[in-house]
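**Q** Spelled out from the first residue to the last, the chains are:
Number of protein chains: 2
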Amino acid sequence: MRTSQFPLNTVKETPADAEIASHKLMIRAGLIRKIAAGIYTWLPLGLRVLRKVEYITREEMNKAGALEVLMPALQPAELWQETGRWEKYGPELARMQDRHAREFCLGPTHEEIITDLARNELKSYKQLPITYYQIQTKFRDEIRPRFGVMRSREFVMKDAYSFHLNQESLQQTYDVMYQAYTNIFNRFGLKFRAVIADSGAIGGAVSHEFHVLADSGEDAIAFSDSSHYAANVEKAEALAPQGERPQPTQAFTLVETPNQHSIDEISRFFNVRAEQCLKTLIVRGEDNSLVALLLRGDHELNPIKAEKIPGIVAPLQFASDEEIIAACGCKPGSLGPIGLNMPIIADRGTVLMADFICGANQDGKHYSGTNWLRDIPLPAQIADLRLVVEGDVSPDGNGKITIARGIEVGHIFQLGDKYSAAMNAAIINEAGKNQIMLMGCYGIGISRVVAAAIEQGHDERGIIWPNELAPFQVAICPMNMHKSDRLLETVERIYHELLDAGFDVLLDDRKVRAGFMFSDMELIGIPHRIVIGDRGLDSGTVEYQGRTDRESQEIPFSEIVNFLKSKLA
Amino acid sequence: MRTSQFPLNTVKETPADAEIASHKLMIRAGLIRKIAAGIYTWLPLGLRVLRKVEYITREEMNKAGALEVLMPALQPAELWQETGRWEKYGPELARMQDRHAREFCLGPTHEEIITDLARNELKSYKQLPITYYQIQTKFRDEIRPRFGVMRSREFVMKDAYSFHLNQESLQQTYDVMYQAYTNIFNRFGLKFRAVIADSGAIGGAVSHEFHVLADSGEDAIAFSDSSHYAANVEKAEALAPQGERPQPTQAFTLVETPNQHSIDEISRFFNVRAEQCLKTLIVRGEDNSLVALLLRGDHELNPIKAEKIPGIVAPLQFASDEEIIAACGCKPGSLGPIGLNMPIIADRGTVLMADFICGANQDGKHYSGTNWLRDIPLPAQIADLRLVVEGDVSPDGNGKITIARGIEVGHIFQLGDKYSAAMNAAIINEAGKNQIMLMGCYGIGISRVVAAAIEQGHDERGIIWPNELAPFQVAICPMNMHKSDRLLETVERIYHELLDAGFDVLLDDRKVRAGFMFSDMELIGIPHRIVIGDRGLDSGTVEYQGRTDRESQEIPFSEIVNFLKSKLA
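Protein chains in written order, with the UniProt record's numbering: chain P, 1 to 569; chain U, 1 to 569.
Keep in mind the hints are simulated off the structure, nothing from the lab.
Misleading hints may appear alongside valid ones.
No copy labels: a pair is met if it fits in one copy or bridges any two.
[Said to hold, decoys possible] Straight-line alpha carbon distances no greater than 27 Å define the calculated DSS-like cross-link-like pairs of lysine-lysine that follow:
1) K63 to K52
2) K191 to K433
3) K63 to K305
4) K126 to K483
5) K126 to K511
6) K400 to K52
7) K567 to K12
8) K365 to K483
9) K235 to K567
10) K123 to K511
11) K34 to K418
12) K235 to K400
13) K123 to K12
14) K126 to K34
15) K123 to K24
16) K24 to K191
17) K12 to K305
18) K308 to K123
19) K365 to K567
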């Protein structure tokens, strides 16, 4: 392609509403243009990237044996009423009436449509398992669309749905999809993690999210530095510390601690590290009761873990100061487990503490030199209550936890019978009886991958695409091509050589100065750049520079194709 | 692909609402399933055909230099208000409000969106001409969706839009698109005609429709039997007859014709052919006037031609019996041009009539032996008023007119400045002045092509696909494969040979009897079928039968690939 036939739409201005790098760069590089809040047109350059994401996804889904279909965007309310989601989904569901006042929504997802298809087309267990997928436009009426195509109202998704006779078959297809997703994200050339996820409102037991790693990511991910373990920070288990509890060495002492409330203040006051302090939090339990949670002073409570413990109200609610004073006889800053008249749950991390500091349940007083068993019995209930931190042992026992930020671009679920039971999607099983099918569902945010790739790969000059997603792999920038027939001829020859070798090449044939070409090619993120000038004609070389290289290097004409092949391998 | 991995969804039943062959066959062959009135899911087999239509279209659009974009389905009302179409479009425009009560439509077409894009991105005449296109989902809230995907509410379109500095440039791109469309429909392998069309409400001067020929088509097309001329019947010109008017041979006579009103009755009464009779019609003119139109008795008035004549009211209105009696002194059955006190416009076909019959403007009386000049002057205004008929000289002078029925699947327009002026889409021209751009637009009904192909190609057993659009090109039907290892091995070998040769092959590996396989493969319309059985193992041959062949033929194993290559060339 030539820039004369494939004009670039690069601009200098960054739109006022663009808050993150990918949004700014997608506008500046001319990948998208805004039509209305959260609604975009993909320009030719952006669409090339989107199509590459689609192409790789489609190829790997086909390899995994999934069957491509195309379901409609317009979905009749009746199907959503069957699953109860017409009422439950809320204002993010874009709804409309047709000219006969029949109600429809613009699908944000297609569980109802595919389950309706499955209950009509699938009759016998012999037709199972089966996986359908589509690459299709979805709609979500976001209250505040932002971040460009990252959180837009109209976007492209790959969504897949599998149907099964039993859990074993569901698990098998789930594993195949997990592998297909791993292949897809590897082929995208992106750093990513498959993380154990909370399946949340969509239901079902097992669920993984696929995150593209990027500092700007909305989610924190805990992963092992030496194994495949990865989980949402909220979901990552903190193992019980190994080893023996140290023997007491200090006397158990009540100390006056005027105006010392927080762990920071207490650790400074006693001149100990935060991990020598015990943190006591009071939360609401069932039937208006209160429950005390104990954590090591340097650890943070993970509310998602706490609210899953029987007897604790979900979502988690902290007791008010007044309730604490009434129940414990002191303000929150002096709380401790000793003499507390309520159920106590201790985090695993507190069990090996010794000679620790804790509140005395009297305002302005703490105990120092506290030791389990000697001064206070170990709480009856020990649980995993805290957020994992860097350096924790990985929950699978292999290596240590590292924490990174990620952007969720894929999600796979085992739905079980949530939709198939509600819609009576049954087949005849081997025993000749009706049986509700089990379902899995598997999504990739196709448009979102484009933005996530930019969040992961950019610098102050523009986008840095991986080879597989770049709109063009190689840019040819001729210097003053139009002034020299000899140069023109060489440029054309090399351009066609590269095309013939199968590269995606953009020849910048604009009559603009070199600096202008370079800054455009850097902004749009072409991974490999070749400069051909008069000087190179004499030496028979081009100047090659990778998008992230600090220096250019000279490559003889005869070696360009092989050189680029090795770069793109 | 194997039917075990690519299950067919063929069914015996034809849905009650399916009125035409393509709708019935798309359901029976398992290409689509209905979700709601006019809303369908494309099943894997149907989607393969749809994707082939898309692929060919995209490839030819790219070759023609058009740039692919992807515009949103959701379009803000504000843009449609700029062109006035928000009010004018009527209830076929699917409208909705978002959660903030802002109005949107689901685009049936994208003139407003692309013109908004063009006015923002195009600044200088140097950027022109430029053509954008997309392959995208469109919505039309049909009052009565029918005929399956032929007239549905959600469908896939290829729409393209070009922008120009002047008419010459618009005409050039229009010609390029005309050629691209010709290439596309040729590659589809469909019999089609590019016909001169009325550009109607969309506006603009020049317009062609691309019709797939099929007996069930909604439109009548007049085309030459020896040139490329083709036009909608309404648009086709009837040339003036060549030659000399015969000399009068009969006396001009007033004849009593009691109860003889229609041309049929008059020609029987006088025992002459209808073409010896003159037909007089009275239509409404401007300012409540009346105008008489004269046609040869065997010719039909074309109202679209008549209403374009200055002085005649559009849309065409016929005078009532009362008005005719008041103005002419007789009922409609006795009308004629002699003594008529109103403007008279004669069709070209009447000019060479001689010794003809016409009404005498007295009830129950006609003149016979009427001759122009001798008995009545030729009307001052001679025009093309009639519908063409088979056998007419083609308007380009080459060959004779044939009339066929067609399905409109493509339409190209010269829009002129209709949208660009309304939306102030201007660029800076060579003189440094603002200038409104001219536009062309070019559509192909991608989903509709699939249905039209079936309307053109089917028989009582099912679909007959052209090679290029068939979901699979070759079906392999093994006889009792599962009972013979030797056969199994040969089938697998031939299957892989055909795959390696690049054919789209479907291997029917179901344990079903041959007749069942054959009827499925005929229903889904696979163009080429290979049967491999025990008998062929001995002779080293397969049985080949094309979808429309009456007989099968034996092909040696070693020749199958070359044989199929010749069939698919």
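**Q** Now tell me, hint by hint, if it's right for this structure.
**A** Going down the list of hints, with the structure as the test:
1. K63 to K52: Classified as both; 17 Å inside a copy, 19 Å across copies.
2. K191 to K433: neither (47 Å within a copy, 51 Å between copies)
3. K63 to K305: neither (38 Å within a copy, 58 Å between copies)
4. K126 to K483: Intra 70 Å, inter 20 Å, cutoff 27 Å: inter-copy only.
5. K126 to K511: between (64 Å within a copy, 12 Å between copies)
6. K400 to K52: neither (36 Å within a copy, 51 Å between copies)
7. K567 to K12: Classified as neither: same-chain Cα gap 30 Å, cross-chain 56 Å, threshold 27 Å.
8. K365 to K483: neither (86 Å within a copy, 87 Å between copies)
9. K235 to K567: neither (39 Å within a copy, 60 Å between copies)
10. K123 to K511: between (65 Å within a copy, 17 Å between copies)
11. K34 to K418: Classified as between; 24 Å across copies, 37 Å inside a copy.
12. K235 to K400: within (16 Å within a copy, 79 Å between copies)
13. K123 to K12: Answer is between: at 15 Å across copies they meet the 27 Å cutoff, but 58 Å inside does not.
14. K126 to K34: Intra 48 Å, inter 24 Å, cutoff 27 Å: inter-copy only.
15. K123 to K24: between (50 Å within a copy, 22 Å between copies)
16. K24 to K191: For K24 and K191, only the intra-copy Cα distance (21 Å) is at most 27 Å; the inter-copy one is 49 Å.
17. K12 to K305: neither (47 Å within a copy, 54 Å between copies)
18. K308 to K123: Answer is neither: 39 Å inside a copy and 60 Å across each miss the 27 Å cutoff.
19. K365 to K567: neither (67 Å within a copy, 95 Å between copies)
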